[in-house]
Amino acid sequence: MTHTAAERAGYTTLEARVRARGGLTARGLGLVLAGAALVAVAALSVAVGTKPIPLGAVWDAISTGSGTTQDARIVLDLRIPRTLIGLAAGIALGLAGALMQALTRNPLADPGILGINAGAATAVVLGIRVLGVGSLTGYIWFAFAGAAGAFVVVYLLGTRGRSAASPERLALAGAAVGAALLAITNAVALLDVTTFDRYRLWTVGSLAGRDLSVLWGVLPFIVGGTLLALLLGPSLNVIALGEDTARALGADLNRTRVLSAVAVTLLCGAATAAVGPIAFVGLAVPHIARMVVGPDQRWMLPYSLVLAPILLLLADIVGRLVVRPGELQAGLVTAFLGAPVFLAVIMRRRIVPL
Amino acid sequence: MRRRITVRAPGLALRLDLRTLWVAGALLLAVFAGFVLTVAAVGVRLPFADIIEILDGGGRRADRFILLDLRLPRVTLGLLVGAALAMSGAVFQSLSRNPLGSPDIVGFTTGSATGAILAIVVLGAGPAGAAGAAIASGIVTALIVYGLAAVGGGAIRRLVLVGIGISAMLVAVNSYLISRARLDAAQSAAVWLVGTLNGRNWEYVRLLGLALLALTPPLLMLGRRLRMLEMGDESAQSLGVRVHRSRLMLVVLAVAVCAVATAATGPVAFVALAAPQITRRLTAAPAPQLLPAAITGALLMVLSDFVAQRLLAPAQLPVGVVTGAVGGVYLAWLLSIQFRKEGR
Chain A
1 MTHTAAERAG YTTLEARVRA RGGLTARGLG LVLAGAALVA VAALSVAVGT
51 KPIPLGAVWD AISTGSGTTQ DARIVLDLRI PRTLIGLAAG IALGLAGALM
101 QALTRNPLAD PGILGINAGA ATAVVLGIRV LGVGSLTGYI WFAFAGAAGA
151 FVVVYLLGTR GRSAASPERL ALAGAAVGAA LLAITNAVAL LDVTTFDRYR
201 LWTVGSLAGR DLSVLWGVLP FIVGGTLLAL LLGPSLNVIA LGEDTARALG
251 ADLNRTRVLS AVAVTLLCGA ATAAVGPIAF VGLAVPHIAR MVVGPDQRWM
301 LPYSLVLAPI LLLLADIVGR LVVRPGELQA GLVTAFLGAP VFLAVIMRRR
351 IVPL
Chain B
1 MRRRITVRAP GLALRLDLRT LWVAGALLLA VFAGFVLTVA AVGVRLPFAD
51 IIEILDGGGR RADRFILLDL RLPRVTLGLL VGAALAMSGA VFQSLSRNPL
101 GSPDIVGFTT GSATGAILAI VVLGAGPAGA AGAAIASGIV TALIVYGLAA
151 VGGGAIRRLV LVGIGISAML VAVNSYLISR ARLDAAQSAA VWLVGTLNGR
201 NWEYVRLLGL ALLALTPPLL MLGRRLRMLE MGDESAQSLG VRVHRSRLML
251 VVLAVAVCAV ATAATGPVAF VALAAPQITR RLTAAPAPQL LPAAITGALL
301 MVLSDFVAQR LLAPAQLPVG VVTGAVGGVY LAWLLSIQFR KEGR
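Each protein sequence line maps, in turn, to chains A and B.
First residue of the first sequence? That's 1 in the working numbering, and the numbers climb one at a time after it.
First residue of the second sequence? That's 1 in the working numbering, and the numbers climb one at a time after it.
Everything labelled a hint here was simulated from the structure, so no lab data went into it.
Even for Gly, the Cβ is constructed at its ideal location relative to N, Cα and C.
Where hints are given, some of them may not hold.
Distance ranges between label pairs, derived from CB positions [stated by the list, open to error]:
no.: 1; chain 1: B; residue 1: TRP202; chain 2: A; residue 2: ASP211; range: 50 to 60 Å
no.: 2; chain 1: B; residue 1: ARG60; chain 2: A; residue 2: SER135; range: 45 to 55 Å
no.: 3; chain 1: B; residue 1: TRP202; chain 2: A; residue 2: SER135; range: 45 to 55 Å
no.: 4; chain 1: B; residue 1: LEU123; chain 2: A; residue 2: THR25; range: 33 to 43 Å
no.: 5; chain 1: B; residue 1: LYS341; chain 2: A; residue 2: LEU321; range: 52 to 62 Å
no.: 6; chain 1: A; residue 1: ASN254; chain 2: B; residue 2: LYS341; range: 41 to 51 Å
Pulled from the structure, derived: some chain A residues nowhere near chain B, Cβ distances all over 10 Å [unchecked claim]:
no.: 7; residue: LEU31
no.: 8; residue: VAL48
no.: 9; residue: PRO81
no.: 10; residue: ALA176
no.: 11; residue: VAL193
no.: 12; residue: ASP197
no.: 13; residue: VAL322
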């Protein structure tokens with residue numbers, strides 16, 4: 001975030017900011033490069049693992065679409081679904097984080113802070129305990145419903161009385177709802193050993209062990225949320241100018257807020273449903289994107305969309321390699337990759353409010 | 001105009017706020033009532049006559065055991081922990097000027113949890129070992145966070161952010177350890193994480209009591225500077241407060257108080273957050289009131305533990321579950337009222 005003094009004073013236009021950042025071409029080029037990096041990381045994710053498979057064999061398996069060799073089965077049945085799910089979840093988390101931070105004008109907004117993970121966890125635990133659900137695929141709809149429900153409650157509580165969902169209000173509401181939900185989760189999980197056993201494995205977010213049916217289940221929500229998010233870029237730019245200015249410019253604040261909230265719910269709910277609670281991608285990626293392209297949401301959002309899956313897939317790859325033949329879950333690695341970046345950002349720059 | 005009375009003794013003059021005194025008195029009565037209720041009516045009922053008899057040295061052996069070795073230490077520990085958490089929360093909320101401020105912001109709670117889980121899961125430690133590890137790792141975490149924040153200029157806002165970053169890493173470690181451990185070890189670690197008074201004896205009370213006896217007086221003395229610190233660094237400085245030193249000492253003392261309480265029961269949620277806020281509303285005082293907050297904290301803790309023992313009896317919930325649920329709902333209610341008032 002490179003707010004200039006003039007910008008803080010509030011009189012630079014977006015166009016001036018765009019020009020100051022080196023214009024359209026540089027950022028477009030950067031986006032293409034990032035996209036290329038994403039393709040490379042995805043290829044790496046298919047090739048690397050407990051059993052390294054040469055890219056040639058990977059290509060054979062994909063192009064023939066079927067294969068009987070062990071390598072082909074690993075690629076088609078394990079690595080490709082895993083990579084695709086990582087891509088989808090990464091996109092969803094990155095966009096949701098960027099949207100949340102823009103919507104609440106809070107640089108620390110992420111699914112954890114707004115009670116979404118807590119809601120998903122509560123629903124999953126109740127699903128396990130009450131209905132005896134026991135598979136990753138089975139958790140999806142519980143996680144999705146819980147995440148969506150929690151965010152709706154947090155949002156309604158945060159916007160109660162007045163139209164504005166100020167950052168502090170949403171964070172406070174998220175803390176309150178999250179704490180109550182966590183207590184329920186704990187009460188249910190701690191009193192029943194089986195529930196606890198399944199829950200503790202879900203709660204470390206991971207890309208492993210999901211098959212393509214998980215992807216097909218959440219894909220419609222992610223696609224819908226992504227389109228909505230990308231369309232909202234210009235309106236979010238207006239929100240960033242501050243409530244009064246935005247209103248004076250004739251922006252429909254409520255519509256933008258509600259649509260953003262819908263997009264966040266779709267994206268976060270789907271991501272948490274697919275891979276469990278994954279920390280830090282949604283928090284760190286928008287910060288990195290903002291450092292690269294500045295505060296213009298029309299660029300921020302696409303950059304977040306591309307950078308987040310890179311981070312998530314890299315984390316997953318690292319997790320596969322560091323403790324071979326075992327694996328570290330991606331949720332653990334993202335925290336360890338993301339936190340130092342986050343800390344470095346905080347230490348280096350003056351703290352500028354969003 | 002708020003009415004005050006002044007108590008004078010040789011070399012000492014205390015100005016006391018009347019409303020605060022009333023509130024504190026009422027809270028103390030409530031604490032006492034909760035104390036008696038918990039001692040007499042959780043599980044096996046002990047009539048008052050029996051309790052008096054036992055305290056007098058008589059009574060049946062089974063009843064004596066229940067009262068003297070199970071219930072009294074448990075309630076007493078609850079009182080102490082509640083008071084300690086509330087005081088530390090009041091200090092942190094005032095220092096960070098954030099109604100959600102708590103020792104968590106310096107990563108303390110998560111750090112101590114990591115230590116305790118490591119001790120339970122890897123070393124197979126009991127509650128005492130977990131307590132020691134919790135204190136050590138909590139303080140190390142707090143020092144790291146404070147150190148990193150100080151490198152960049154030490155603004156309280158930076159402290160919060162650094163705390164969030166470090167906490168995120170530790171949370172990941174915690175859930176990883178729990179997901180990898182043997183089931184029973186994982187479960188006792190999870191119970192510890194929620195905070196529980198189950199199975200705590202006089203030994204805990206004695207250690208926590210001694211620690212608080214040493215830490216509370218300096219904390220209360222320094223606590224009176226909080227009001228001046230709240231006016232801003234420059235105003236406080238011109239009033240003769242050494243800002244940085246006072247803040248550092250307050251942080252250290254508040255973390256230490258929270259550390260010993262956490263070591264005794266595990267990180268009990270929300271008492272540190274809710275007690276100071278309730279107190280501030282009740283007393284309508286402009287400055288943080290550490291002692292009244294401590295009484296409120298003790299009350300919250302005793303009532304929560306009563307509910308935790310009764311709600312799903314004979315299954316005993318960890319007290320942290322109740323404080324979390326009650327605290328979360330309370331905060332949501334509070335916010336909803338406040339937001340509606342601010343509405344146009």
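We went through each hint and held it up to the structure:
At roughly 55 Å, the beta carbons of TRP202/B and ASP211/A sit within the given window of 50 to 60 Å. Taking 45 to 55 Å as the suggested C-beta distance range, the pair ARG60/B and SER135/A conforms, at roughly 53 Å. Distance hint for TRP202/B and SER135/A: a CB-CB separation of about 48 Å, consistent with the stated range 45 to 55 Å. Distance hint check: the CB atoms of LEU123/B and THR25/A are about 59 Å apart, inconsistent with the given range 33 to 43 Å.
In this structure, LYS341/B and LEU321/A meet the distance hint of 52 to 62 Å, their C-beta atoms being roughly 55 Å apart. In this structure the hint that ASN254/A and LYS341/B lie 41 to 51 Å apart at CB is violated, the actual value being about 21 Å. Distance check for LEU31/A against chain B: the nearest CB is about 27 Å away, which clears 10 Å, and the non-interface claim stands. Residue placement check: VAL48/A keeps its beta carbon more than 10 Å from all beta carbons of chain B (closest about 21 Å).
With a cut of 10 Å on Cβ distances, PRO81/A stays outside the contact zone with chain B, its closest approach being about 22 Å. Distance to chain B contradicts ALA176/A as a non-interface residue, since its nearest Cβ pair spans about 4 Å, not more than 10 Å. A Cβ of chain B approaches the Cβ of VAL193/A within 10 Å, the least distance being about 7 Å, so the stated non-interface status is violated. The Cβ of ASP197/A sits about 6 Å from the closest Cβ of chain B, inside the 10 Å cut-off, so the non-interface label is violated.
With a closest Cβ-Cβ approach of about 12 Å to chain B, VAL322/A is found to remain outside the 10 Å limit, as its non-interface label requires.
Hint check: violations occur at hints 4, 6, 10, 11 and 12; the rest are consistent with the structure.
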